[in-house]
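Trainee: The listed protein sequences derive, respectively, from chains A, B and C.
For the first sequence, the residue numbers in this note's numbering are 72 to 439.
For the second sequence, the residue numbers in this note's numbering are 72 to 439.
For the third sequence, the residue numbers in this note's numbering are 72 to 439.
Hints in this document: simulated from the structure, not taken from any laboratory.
Misleading hints may appear alongside valid ones.
Across the chosen pairs, the derived CB separations fall in these ranges [said to hold, decoys possible]: (1) B/SER251 / A/THR299: 42 to 48 Å; (2) B/SER249 / A/ASN252: 23 to 29 Å; (3) B/TYR402 / C/VAL433: 46 to 52 Å; (4) C/ALA337 / B/SER249: 52 to 58 Å.
Keep in mind that this is a model prediction, so the values were computed, not measured.
A virtual CB, placed ideally from N, CA and C, is assigned to each residue, including glycine.
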Amino acid sequence: TTQAETSVTLYGILDAGVGYSKVDGTIVDPVTNQRVSLDRSRFGMTDSVKRGTRWGIRGKEDLGGGLYAKFQLESGFNLSKGQSTQGGRLFGRNATVGLGSDNWGQFNLGRQYNIGSRYFYSVLGPMFGGGFTQLNMGSGSGFSSVNWVRYDQLVTYETPTINGFTMGLGYSFSADDSKSNQVGFNTADNTRAITAALRYGNGPLSAFISYDQLNPSNKLSDQQTQATPRSYVVGAAYDFEVAKLALAYSRTTDGWFGGAGLPGGAVGNFSGVPTNVFVDGFKSNSYLVAVSAPVGAAGSMFGSWARADANNKDLTGGDASSNTFSLGYTYTLSKRTELYAVGSYTDNFAFLDDAKVKTVSVGLRHQF
Amino acid sequence: TTQAETSVTLYGILDAGVGYSKVDGTIVDPVTNQRVSLDRSRFGMTDSVKRGTRWGIRGKEDLGGGLYAKFQLESGFNLSKGQSTQGGRLFGRNATVGLGSDNWGQFNLGRQYNIGSRYFYSVLGPMFGGGFTQLNMGSGSGFSSVNWVRYDQLVTYETPTINGFTMGLGYSFSADDSKSNQVGFNTADNTRAITAALRYGNGPLSAFISYDQLNPSNKLSDQQTQATPRSYVVGAAYDFEVAKLALAYSRTTDGWFGGAGLPGGAVGNFSGVPTNVFVDGFKSNSYLVAVSAPVGAAGSMFGSWARADANNKDLTGGDASSNTFSLGYTYTLSKRTELYAVGSYTDNFAFLDDAKVKTVSVGLRHQF
Amino acid sequence: TTQAETSVTLYGILDAGVGYSKVDGTIVDPVTNQRVSLDRSRFGMTDSVKRGTRWGIRGKEDLGGGLYAKFQLESGFNLSKGQSTQGGRLFGRNATVGLGSDNWGQFNLGRQYNIGSRYFYSVLGPMFGGGFTQLNMGSGSGFSSVNWVRYDQLVTYETPTINGFTMGLGYSFSADDSKSNQVGFNTADNTRAITAALRYGNGPLSAFISYDQLNPSNKLSDQQTQATPRSYVVGAAYDFEVAKLALAYSRTTDGWFGGAGLPGGAVGNFSGVPTNVFVDGFKSNSYLVAVSAPVGAAGSMFGSWARADANNKDLTGGDASSNTFSLGYTYTLSKRTELYAVGSYTDNFAFLDDAKVKTVSVGLRHQF
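Construct all of the structure, not just a fragment, from the sequences and the given hints.
Mentor: Quick look at the structure:
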């Protein structure tokens, strides 16, 4: 039943390795109020430490006069089990169709990253191990609204790049369709999201600023619907040639965007930093300093320190400042293939004053 | 472990947009017998309004002497969430392998459309917005056995086209393997389906007639197994150049084939017109009139009216005649890409005398 | 966000047909201790009788100096329903990335076959209908550790082929991540597997020997963790040109690796021979004799007899010797396409003295 066909690009990134993770300390169970141990450790195969494993299909059609249609379908999965990630979605990483013009920019419809996560990655990206979950606060807490945040039902518009500036805007009719308590048929029964960001690039300098906001579903409790989670992020990187330096700051209020599960799953009734939650009066500031430097012809090192503060215990049960220190090395075998090693240490995971997470791993990233 | 390889076509259709839907009125809950409101409305992203979003792989091998092998794997999903459709099946739209000959026709094995749905689409197809769920009664009720009906475990045979005539026959050993109450190991524990249709095409005229029948699973109740759902459909289209006209009629007895869910999900214990059900003594007649006409070089308009009558309330709880009016416009940007707008109104949805459904949407369909 | 791209091979095997299966006899329900009938039969569409239906993506990158990177993603599904197999995994058949050298062999990481199953297939493979579930004891019991065993989180190393010898070694950090009672975050909470095998090929002769071992998860019961399942397999094939002969022997102790479900699902509390189980003191010996011979230019016949003995009833509730007799015929239409017919009879299925399984089917296998 299909007639037309054309060239289409099949692509992917595969990332797997071996690593060791350890969680230490104790927490107070938020339901039972009893102190429970977090101690656990694992030596085993690792998935997607540097970049998220994926396969995808993408294409672009020239419609004449600078106009084009484009699409991208990207399916996340893990190599250790062969299972779909992103909650079992087939194309959970990206599923968009769009129309654009060299003159006036482009529209994309579908499940996709929020604008901030994309710009964060373009500025703080591979050079600083941007995909490493450690840098990106995966092992702790921090840059809530650029922690690889994807929205369902997201319509985005992005300008062309003019004098180094690019701007993107988006509106999601339902931020996460898998959160059944925030999804319904009626428009306002869904948690909706606004996402916007501005990016600048000029020679050695790149920078961005982003804003995200969640409008609560009517299905949430009265207390939750009083909150309007907002998050600002600013970041910049400068390439000094002998090294590259990056700095970022974020402020999240009234809730949380992209969370981070406790490695190894829930302990008692605590499972980590939640995603897309509404917590009236909560405030967090986050800071990041990262340095990367070439080592020989094919190597690169990076180190980063990230910190997150919370003004109260309402998000996770803790309000201790959390720090994550990461150190990584990548060795390039070709444009498409590299080996890496990375280590990371987080104290006060999830703002909890006795929770520590350590991970080290070596791995292989291959791209096709 | 695989040696042979050859050219294979990767293809797809992506369809997304933005729209508004509204459900009005009340129904009597079939279990509690209390009158409940249907009122709900949504403004948001839409999926697959014109054509079902899909990606697929297909190929054909020439075996010499007119003989060939062919296959088609087609995976349905939505862009708004990136999720598999057709009940989470990987290749839920089509999964067939077949053997054919230019001389004697072809056999296909696997999950696929019934013959009637394919011929319905080839006659009443894109020209009349055949993929629009409105035309196809998705928003109401009507052409039960050609409402994009797919069967699991379907073996089909189709003749070559001779003097404009093509005929197809099929037998399904289990019409829907996801209906656990109609599926078992024993042959007769599965609901089996017979599907047959004849198509004619000659210049401006195309026409078809189809027949479908369900044989009930032994696992159903005594009352249900007394029913043998049958459905006949006849349809024809004629191209007058300034406009194209299409007419269709259907009669379904003793049950229902492809149903239509209530937009937004169940209200109380009512969830819409069910699929593959056995209702002894139920009878329905359906009628369709559709017109399409080119508008300028790249545009096309279509309008349609469909009506369905029921002889009793045993299928859905109502027996009111249901009407669906649709109006659509498509604008072609290229062979592969078009924009569309469509609106639809259904009264007496699911034969219920106070249930109304309205939808309007604009969207983009892109093909690769 | 992806820059590099290159040639990649999209491939697949599709296998479907029509067949009849019958289960006869009675068993003693392991929980209720009551004798229950197994009688059931089915005539219907068959899936993957000769080869597992799949689609996949694979590629290899030359890194210079004999070094290469490679990957293979292989997704199992059925044509009858269009559903993912291997427990719903997206790439349930294989999901690996690896690095190798013409000089020192290759490493692969991810979900993949154990070494024994791969070597078993390379020696006892298509020529003897290796994919036919009958030969491979799918309909009964037998060669536990080469019954298409795949492990999650498997790291393998394989030598280059030297003087006809190839050796492979592997370690799985979690043999089956879908077995929630054998999976946890802590290293020792997972059932881990060791797999090793040696293969020899020289002209008409091919042979292999394999060893597998499971180390029990700490989450299992005290009794289960006392068991360390081990399995040895030796097999050889010789091509006499007029016919090819194959012999194999296996010994499995203290549990079972790849099991076989009762066709049609559980009867009472009995569902077949289980997978990755720990049964202290259980021992089984298995034997296989297979012959294949060309019949005309395009045809091939094969026949096989397999037997399995058990020393006690602790695995399945029975300790009767089980025999499986199979007879098959394949007719090649092209390198990529063949028709087949196969019949199989098993007595004492799952070592149960009154359980019989018969199957016959004809089908089409197509490769792209």
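Trainee: Evaluate each hint against the coordinates.
Mentor: Evaluated hints:
1. B/SER251 / A/THR299: 42 to 48 Å: holds, 43 Å
2. B/SER249 / A/ASN252: 23 to 29 Å: holds, 26 Å
3. B/TYR402 / C/VAL433: 46 to 52 Å: Roughly 50 Å apart at Cβ, these two residues keep to the hinted range, so it holds.
4. C/ALA337 / B/SER249: 52 to 58 Å: Since C/ALA337 and B/SER249 have Cβ atoms about 19 Å apart, the given range 52 to 58 Å is violated.
Violated hint: 4 only; the structure is consistent with all others.
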